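In order, the protein sequences belong to chains A and B. Just so we're aligned: the first sequence equals residues 136 to 619 in the numbering used here. Just so we're aligned: the second sequence equals residues 317 to 411 in the numbering used here.
Calculated directly from the structure, the hints in this document are not laboratory data. Computed from a predicted model, the values in this text were never measured in an experiment. A couple of the hints might just be wrong.
[Said to hold, decoys possible] Result set (SDA-like, lysine to any residue): computed pairs, CA atoms no more than 25 Å apart in a straight line:
hint, chain 1, residue 1, chain 2, residue 2
1, A, LYS376, B, PHE378
2, A, LYS172, A, LYS428
3, A, LYS403, B, SER388
4, A, LYS519, A, HIS366
5, A, LYS428, A, LYS376
6, A, LYS227, B, VAL406
7, A, LYS245, B, ASN364
8, A, LYS519, B, VAL406
9, A, LYS227, B, VAL360
10, A, LYS519, B, HIS370
11, A, LYS172, A, ASN279
12, A, LYS245, A, THR140
13, A, LYS227, B, PRO397
14, A, LYS504, B, GLY401
15, A, LYS504, B, GLU322
16, A, LYS376, B, ARG379
17, A, LYS504, B, HIS370
18, A, LYS504, B, PRO367
19, A, LYS504, B, VAL318
20, A, LYS196, A, LYS227
21, A, LYS227, B, PRO407
22, A, LYS428, A, THR527
23, A, LYS504, B, TYR353
24, A, LYS615, A, LEU145
25, A, LYS227, B, SER384
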Amino acid sequence: MSERTAVEYLTLLDRGELTSESLTEQFLQTIRNRDPKVQAFLHVDESGALEQARLVDMRRKRGEPLGTLAGIPIAIKDVLCTAGQRTTCGSKILQNFVPPYDAHVITRLKQADAVILGKTNLDEFAMGSSTENSAYQVTRNPWNLERIPGGSSGGSAAAVAACEVPLALGSDTGGSVRQPASLCGVAGMKPTYGRVSRFGLIAYASSLDQIGPFAHTVTDLALLLEAIAGHDPRDSTSVDKAVPPYRQTIEQPVRPLRIGVAKEHFGKGLDAEVEQSIRAALKIYEQLGATLKPISLPTSPFAVAAYYVVATAEASSNLARYDGVHYGYRAASFENLIDMVCRTRGEAFGQEVKRRIMLGTYVLSSGYKDAYYVKALEVRRLIKEDFDRAFTECDVIMGPTSPTAAFRVGERTADPLAMYLSDIYTISCNLAGLPGISIPCGFTKDGLPIGLQILAPPFEEEKLLRVCRMYEQETDWHTKRPKL
Amino acid sequence: MVLTVEEVRWVAHLARLELSHAELALMAGQLNGIIDYFNQLQQVDTENVEPLAHPLPIQNVFREDEASPSLSVDAALANAPDRRGNYYGVPAVLE
């Protein structure tokens with residue numbers, strides 16, 4: 136019963152065949168049974184969730200108008216501020232931080248009458264590709280508990296995959312929604328930069344971060360995106376553009392459909408089984424009448440380097456606020472103010488966070504800024520121009536989300552650079568600000584999920600969702616659930 | 317070596333990060349490998365290419381200069397590691 140989609144639950148709730156309270160209790164029970172193994176959640180708010188659910192049931196009974204997610208349980212990556220509820224960013228430095236305000240998307244979810252079940256695990260400050268960098272616990276891939284779920288939104292991806300919730304929110308700076316979606320066999324989306332307000336999203340890299348939905352199906356993604364997208368005056372980078380009614384048009388196939396296939400997405404490092412699944416998916420689109428157009432994104436080989444310069448530079452600035460002064464961890468002993476700040480950060484940040492702060496500080500420092508930071512921003516423009524050019528010849532670009540399926544826990548932790556290369560296909564999209572989705576498209580012979588990544592021009596989420604729905608209508612990957 | 321341990325120590329100072337000797341040594345090795353990887357950006361011809369700091373073509377976003385409610389003092393100080401009245405207590409900056 137926990138295996139259905141949000142859209143299905145909304146119908147059952149609307150018909151009175153289910154109460155939100157019983158649905159919420161069912162998911163809480165699934166969490167109690169499975170999460171000791173999956174470790175997706177950092178905090179679960181059982182009493183708060185049941186109370187929200189009961190309120191929705193009462194209002195439904197009274198015939199009051201309800202929001203679009205009324206009574207649907209949802210999980211939130213612990214990088215989004217939830218007023219009155221601990222928000223840790225997977226770090227010791229915010230171990231006891233209780234935000235005094237809700238993130239914009241949280242306010243929107245409450246307006247939609249969603250039932251927030253709890254906060255999910257992540258790589259510390261969203262820095263990572265495996266969720267192994269959390270200061271608290273390692274989340275496991277529900278399809279194989281010896282494997283990572285991907286990152287940094289591994290907790291949210293795993294929670295949906297394990298049917299602990301039907302919907303979840305994550306954040307995507309270099310692939311952190313799409314890559315774990317791919318590795319966990321669920322659908323995950325990064326909206327266009329500016330589509331969803333970042334107010335209350337604890338910042339990693341401000342020109343790259345976007346909040347994105349996780350679900351089993353693209354219609355559920357559309358449902359959640361509608362609930363959170365739109366202008367917010369509190370985020371000056373959120374764009375004042377109307378949000379299309381994505382669900383209204385999602386069943387309409389896109390015809391004609393030109394699919395760009397970049398040769399740079401099929402080179403060395405791409406696992407043979409992953410490639411096979413992607414090619415099979417492209418064949419299905421051809422059978423539906425789409426044409427494949429070979430394209431080139433010539434600056435792609437430099438995308439990982441450009442990203443790690445830009446993202447770490449922005450992170451070094453964004454994480455400067457964690458100094459033990461106003462909130463969060465403060466070192467117990469110190470000699471003076473500077474010493475307090477240095478010890479606080481040294482003691483409470485994890486290794487990957489420190490590494491990225493160091494890299495960011497270095498590339499912005501006097502003598503190096505032009506060679507690294509400014510250069511990377513120039514390369515960023517070329518990457519964006521590659522896409523602008525490609526999109527004059529095709530409607531969407533398709534390829535693998537991740538070069539491999541889920542790797543083993545501990546397999547890449549000794550070599551940071553090997554870990555960074557997991558993001559090779561997802562990263563350019565953040566640099567260019569484009570929307571992108573990963574949908575399940577198969578399994579390796581070891582039973583590990585494979586994801587198809589689809590990218591579109593800015594603010595074309597409507598077309599992107601319709602293109603994904605075309606594939607879902609022909610396949611059943613989105614109906615598969617792990618046995619736990 | 318691209319970075320010496322001394323330079324790593326300097327960067328840690330700029331970043332206000334206290335690192336142990338072991339961390340400094342490990343960090344130096346790892347940072348060198350990563351910065352070496354960054355050096356490949358020099359291969360890209362970016363003559364006459366403007367840096368792209370932001371994916372959206374937006375300019376400064378302004379609002380009317382009108383006061384509106386904000387956090388109460390208590391809410392703002394609720395997470396203070398050391399609250400002193402309506403202030404955050406910190407070690408003395410000046411003698």
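Status of each hint after checking the structure:
Restraint check for A:LYS376 and B:PHE378: the C-alpha separation of about 17 Å stays at or below 25 Å, so the hint holds. Our distance criterion of 25 Å between C-alpha atoms is broken by A:LYS172 and A:LYS428, whose separation comes to about 44 Å. As the CA atoms of A:LYS403 and B:SER388 are separated by approximately 56 Å, the hinted pair breaks the 25 Å bound. Of the supplied pair hints, the one linking A:LYS519 and A:HIS366 holds, its CA atoms being roughly 23 Å apart against a limit of 25 Å.
Proposed proximity of A:LYS428 and A:LYS376 is contradicted: the alpha carbons are some 30 Å apart, above 25 Å. Taking the CA atoms of A:LYS227 and B:VAL406, the gap is about 20 Å. The hint holds against a cut of 25 Å. Proximity of A:LYS245 to B:ASN364 is assessed by CA-CA distance (about 48 Å); at most 25 Å being required, the pair is judged violated. With a C-alpha separation of about 45 Å, the suggested pairing of A:LYS519 with B:VAL406 is violated against the 25 Å cut-off.
For the given pair, A:LYS227 sits about 39 Å from B:VAL360 by alpha-carbon distance, which is inconsistent with the 25 Å threshold. Using a Cα cut-off of 25 Å, the hinted pair A:LYS519 and B:HIS370 holds, with the two alpha carbons roughly 11 Å apart. Among the hinted pairs, A:LYS172 with A:ASN279 is consistent with the structure: their alpha-carbon atoms are about 11 Å apart, no more than 25 Å. Taken as a hint, the A:LYS245 and A:THR140 pair is honoured in the structure, with Cα atoms around 19 Å apart against an allowance of 25 Å.
Pair hint A:LYS227 plus B:PRO397 holds up; C-alpha atoms about 14 Å apart against a cutoff of 25 Å. Proximity of A:LYS504 to B:GLY401 is assessed by CA-CA distance (about 42 Å); at most 25 Å being required, the pair is judged violated. Between A:LYS504 and B:GLU322 the alpha-carbon distance is near 19 Å, which keeps this suggested pair within the 25 Å criterion. The suggested pairing of A:LYS376 with B:ARG379 holds, with an alpha-carbon distance near 17 Å, which does not exceed 25 Å.
Proposed proximity of A:LYS504 and B:HIS370 is supported: the alpha carbons are some 17 Å apart, at most 25 Å. Our distance criterion of 25 Å between C-alpha atoms is met by A:LYS504 and B:PRO367, whose separation comes to about 12 Å. With a C-alpha separation of about 15 Å, the suggested pairing of A:LYS504 with B:VAL318 holds against the 25 Å cut-off. Note on A:LYS196 and A:LYS227: the hinted pairing is violated, with a Cα-Cα distance of about 44 Å set against a maximum of 25 Å.
Distance check on the hinted pair: A:LYS227 and B:PRO407 sit about 22 Å apart at the alpha-carbon level, within 25 Å; holds. Only pairs whose Cα atoms come within 25 Å are accepted, and A:LYS428 paired with A:THR527 is accepted, the gap being roughly 11 Å. Taking the CA atoms of A:LYS504 and B:TYR353, the gap is near 16 Å; set against the 25 Å cutoff, the hint holds. Straight-line distance between C-alpha atoms of A:LYS615 and A:LEU145 comes to about 21 Å, which keeps the hinted pair within the 25 Å bound.
Between A:LYS227 and B:SER384 the CA atoms are separated by roughly 34 Å; this puts the pair beyond 25 Å, and the hint is violated.
Going down the numbered hints, you'll see the structure goes against 2, 3, 5, 7, 8, 9, 14, 20, 25, while the others check out.
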